[in-house]
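Q: Listed below are the residues making up each chain.
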Amino acid sequence: MTGPAADSLTTASPREAVPGEARAEPLLKIRDLTVTFSSRGRATVRAVDGVNLDVAAGSTVGIVGESGSGKSVTSLAAMGLLGRRGVEVSGSVDFDGSDLLHMPEQELRAVRGREIAMIFQDPMSSLNPVLTVGRQITEILVRHRGLSGREARDRAAELLNSVGIGDSLRRLKSFPHQLSGGMRQRVMIAMALACAPRLLIADEPTTALDVTISAQILELLRRLVVDTQTALVLITHDLGVVAGLCDTVHVMYSGRIVESAPRRPLFADPRHPYTTGLLASVPRLDAPRSVPLLPIPGSPSDTLPWARGCAFSPRCTRQVDACLGAPPVLEPLEPSSHLLRCVNPVPPEKSLG
Amino acid sequence: MSLLEIRGLKVHFPIKKGVVLDRTVGQVRAVDGVDLSVEKGRTLGVVGESGCGKSTLGRAVLQLEPSTAGTVVFDGQDLSRLKGSALRAMRRRMQMVFQDPLASLDPRQSVASVLAEPLRTHGERRPYDKRVRELLDLVGLPGSAANRYPHEFSGGQRQRIGIARAIALSPELIIADEPVSALDVSIQAQVVNLLEELQERLGLTYLVIAHDLAVVRHISDDVAVMYLGAVVEIAGSDELYARPLHPYTIALLSAIPIPDPEAEDRRERMLLTGELPSAADPPPGCRFHTRCPFRQPTRCADEVPALRVLADVPGSQVACHYAEQILAGGLKPVRAEVAGPAARPDDSSP
Numbered sequence: 001m002t003g004p005a006a007d008s009l010t011t012a013s014p015r016e017a018v019p020g021e022a023r024a025e026p027l028l029k030i031r032d033l034t035v036t037f038s039s040r041g042r043a044t045v046r047a048v049d050g051v052n053l054d055v056a057a058g059s060t061v062g063i064v065g066e067s068g069s070g071k072s073v074t075s076l077a078a079m080g081l082l083g084r085r086g087v088e089v090s091g092s093v094d095f096d097g098s099d100l101l102h103m104p105e106q107e108l109r110a111v112r113g114r115e116i117a118m119i120f121q122d123p124m125s126s127l128n129p130v131l132t133v134g135r136q137i138t139e140i141l142v143r144h145r146g147l148s149g150r151e152a153r154d155r156a157a158e159l160l161n162s163v164g165i166g167d168s169l170r171r172l173k174s175f176p177h178q179l180s181g182g183m184r185q186r187v188m189i190a191m192a193l194a195c196a197p198r199l200l201i202a203d204e205p206t207t208a209l210d211v212t213i214s215a216q217i218l219e220l221l222r223r224l225v226v227d228t229q230t231a232l233v234l235i236t237h238d239l240g241v242v243a244g245l246c247d248t249v250h251v252m253y254s255g256r257i258v259e260s261a262p263r264r265p266l267f268a269d270p271r272h273p274y275t276t277g278l279l280a281s282v283p284r285l286d287a288p289r290s291v292p293l294l295p296i297p298g299s300p301s302d303t304l305p306w307a308r309g310c311a312f313s314p315r316c317t318r319q320v321d322a323c324l325g326a327p328p329v330l331e332p333l334e335p336s337s338h339l340l341r342c343v344n345p346v347p348p349e350k351s352l353g
Numbered sequence: 001m002s003l004l005e006i007r008g009l010k011v012h013f014p015i016k017k018g019v020v021l022d023r024t025v026g027q028v029r030a031v032d033g034v035d036l037s038v039e040k041g042r043t044l045g046v047v048g049e050s051g052c053g054k055s056t057l058g059r060a061v062l063q064l065e066p067s068t069a070g071t072v073v074f075d076g077q078d079l080s081r082l083k084g085s086a087l088r089a090m091r092r093r094m095q096m097v098f099q100d101p102l103a104s105l106d107p108r109q110s111v112a113s114v115l116a117e118p119l120r121t122h123g124e125r126r127p128y129d130k131r132v133r134e135l136l137d138l139v140g141l142p143g144s145a146a147n148r149y150p151h152e153f154s155g156g157q158r159q160r161i162g163i164a165r166a167i168a169l170s171p172e173l174i175i176a177d178e179p180v181s182a183l184d185v186s187i188q189a190q191v192v193n194l195l196e197e198l199q200e201r202l203g204l205t206y207l208v209i210a211h212d213l214a215v216v217r218h219i220s221d222d223v224a225v226m227y228l229g230a231v232v233e234i235a236g237s238d239e240l241y242a243r244p245l246h247p248y249t250i251a252l253l254s255a256i257p258i259p260d261p262e263a264e265d266r267r268e269r270m271l272l273t274g275e276l277p278s279a280a281d282p283p284p285g286c287r288f289h290t291r292c293p294f295r296q297p298t299r300c301a302d303e304v305p306a307l308r309v310l311a312d313v314p315g316s317q318v319a320c321h322y323a324e325q326i327l328a329g330g331l332k333p334v335r336a337e338v339a340g341p342a343a344r345p346d347d348s349s350p
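Chains A and B are the protein sequences, given in the same order. Going by this note's numbering, the first residue of the first sequence is number 1, and it counts up by one from there. Going by this note's numbering, the first residue of the second sequence is number 1, and it counts up by one from there.
No lab work stands behind these hints, which were simulated from the structure alone. Just so you know, not all the hints are guaranteed correct.
Every beta carbon over 10 angstroms from chain B, so not counted as near; a handful from chain A, in silico [stated by the list, open to error]:
| no. | residue |
| --- | --- |
| 1 | L82 |
| 2 | V87 |
| 3 | D96 |
| 4 | R143 |
| 5 | C195 |
| 6 | D210 |
| 7 | L239 |
| 8 | G240 |
| 9 | R263 |
| 10 | R289 |
| 11 | P297 |
| 12 | L324 |
If you anchor each label on the Cβ, the simulated ranges turn out as follows [what the hints assert, rightly or not]:
| no. | chain 1 | residue 1 | chain 2 | residue 2 | range |
| --- | --- | --- | --- | --- | --- |
| 13 | B | R126 | A | P347 | 54 to 64 angstroms |
| 14 | B | R126 | A | R289 | 35 to 45 angstroms |
| 15 | A | V87 | B | I15 | 26 to 36 angstroms |
| 16 | A | S38 | B | Y149 | 18 to 28 angstroms |
| 17 | B | A89 | A | L169 | 36 to 46 angstroms |
| 18 | A | L169 | B | D22 | 32 to 42 angstroms |
Backbone N, C-alpha and C fix where the C-beta goes; we use that ideal spot for every residue, glycine too.
Turn these sequences into a full structure, and let the hints steer you where they fit.
A: Structure below.
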């Protein structure tokens, strides 16, 4: 949308889709990642089921899905942040040549702080409420970078400045509860950036924030990827955020990737009935109001185990007999960067969005 | 005549200090002089960010929050003057749908009991079974749901129960506070469609309060945009998007992501700097002037703009001294700043 006479303020998004696969060697390579939760007396739950994912330096990969799709568990498992008890993780997570899943805890910790960082949805529950913001940022710098106290404090102030928090020396003395939601999320980002990580995983980074603040945070992440060649994994349920920011998008449903494509083909030519369903069920700001919303029937908990067929089939409007029986396979379409797991996909010309 | 008339409504909360003797050290002006009206059978959307007073406004309309000043006239009667049984009699004509359906349903109360409670409270005649089944049918739940408990339902179904409870007494006005924001994306549309369908079938009037402008625009005939306790713009839903008048509306619209890469890349963004000022100490003059990219040296900081109709845009109301010039493109935004490495937002203390 165009604000009248807003040209000197505008920041168009000058991005061209660069699919992660096109780069030489991806920084993060997840292969066949499977996470199973089991507890005594209950059925085991396979939250993530054979996920493959590539993330190259300087690219942004989006994982989209609803609650229970396994998008957050994927990232937690890859980082080794799931507990040991009752959790079984298999597959491989290759980060720059080393396998994170089979790394000794000591080594993994060093990698996690220095090379990989994570931003969570709710900054209030990820920040320590009884330590000042400055203490929490400097701790990372001292621990992973070996800076002295004074150096760390100066660097922390610089970091706060770089994420758009003014008056940063004073802010370092603030406790998390003294900051607003947007500022807390900026502090989280500053902490994530403290060691200049090569991979940043952002799990719903703006969901708890207001739209105008959210736009600021997303712009910050976008610049970070462009300026520092950081690889970014963005986990979200918001298709709008993905459309603006991600190079490649993976749509997850019930633990598996059901469709993945560079963002332009995904939105211009979505083929999985779940993807088209999601797009048709959100009201668009730029569409006439008379365009009706077409919801997906049922709820995300109405799933079928993949072994018995497509998990989405109980809610799918295009269900055919072939959907049941055997699990559908994730197969490349034309062009080969577009992958689809569906036996009866939406025909290209009838696609919505 | 409009069904609901809000005139000069103010809701201030005192800030107390002291252990033994309370003393009031300030006022949080959650709602500070709001005028709105809703015609019968229509939907008014109220949007704004957290802390702008939109939820307090909704609660104050239902007299769940005592108002500091102003009147709320429902069908010709000033609600703030009513008390006791007279107020209760009016209350059955206005109901509320809450954001979090699980938090607003008693986990130990069966659905039948949830739906019968308003009937019982307002002295409807027993038995209630028939009405309960009717209500479940209206919101698209099976009759067997009556004997189940809230935890047995998914989020979308729970919100349907919340809506069924709201329409149990056949009210005329429904205030829906963030009715879909706690739901999964694919479920939101189901609830939005249900609300629209019920409006058509039952002739309901809605006041929909939400932060998601895309949802509000879809469901509402008119939209009021709130900022820091005051309404800054009121317009028809289509006009609001096509021709936003207030700088805050312009910024708000440009911040909402659109699920279409082509549209996203073409869009021009007007990013705001800084954070929402405190409602305990709102900026003088125009409340938005501390963050406004179109801020002018005169008037903005010392003169409170009133909601007014522009000559060129008869259907809308806007509270901005320079709305005409901004609309005509005669004003340039003063500072080009985005949140980023170079940015230094002029944030105020929380």
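Q: Decide, hint by hint, whether the structure agrees.
A: Against the structure, the hints come out as follows:
1. L82: holds, 23 angstroms
2. V87: Holds, because the least Cβ-Cβ distance between A/V87 and chain B comes to about 25 angstroms, which exceeds 10 angstroms.
3. D96: Label holds. Min Cβ-Cβ 26 angstroms, cutoff 10 angstroms.
4. R143: Nearest chain B Cβ is 24 angstroms from A/R143, so the label holds.
5. C195: holds, 17 angstroms
6. D210: Given a closest Cβ separation of 4 angstroms, the condition is violated.
7. L239: Since the minimum Cβ distance to chain B is about 4 angstroms, A/L239 lies within 10 angstroms and the statement is violated.
8. G240: The claim is violated: A/G240 sits with its nearest Cβ about 3 angstroms from chain B, within 10 angstroms.
9. R263: violated, 5 angstroms
10. R289: violated, 6 angstroms
11. P297: violated, 8 angstroms
12. L324: About 21 angstroms separates A/L324 from the closest Cβ of chain B, which puts it past 10 angstroms; holds.
13. B/R126 with A/P347: 54 to 64 angstroms: holds, 55 angstroms
14. B/R126 with A/R289: 35 to 45 angstroms: Since B/R126 and A/R289 have Cβ atoms about 43 angstroms apart, the given range 35 to 45 angstroms holds.
15. A/V87 with B/I15: 26 to 36 angstroms: violated, 47 angstroms
16. A/S38 with B/Y149: 18 to 28 angstroms: Roughly 27 angstroms apart at Cβ, these two residues keep to the hinted range, so it holds.
17. B/A89 with A/L169: 36 to 46 angstroms: violated, 60 angstroms
18. A/L169 with B/D22: 32 to 42 angstroms: Given a distance of about 36 angstroms, which is inside 32 to 42 angstroms, the answer is holds.
Violation of the numbered hints given earlier is confined to hints 6, 7, 8, 9, 10, 11, 15, 17; the remaining hints are satisfied by the structure.
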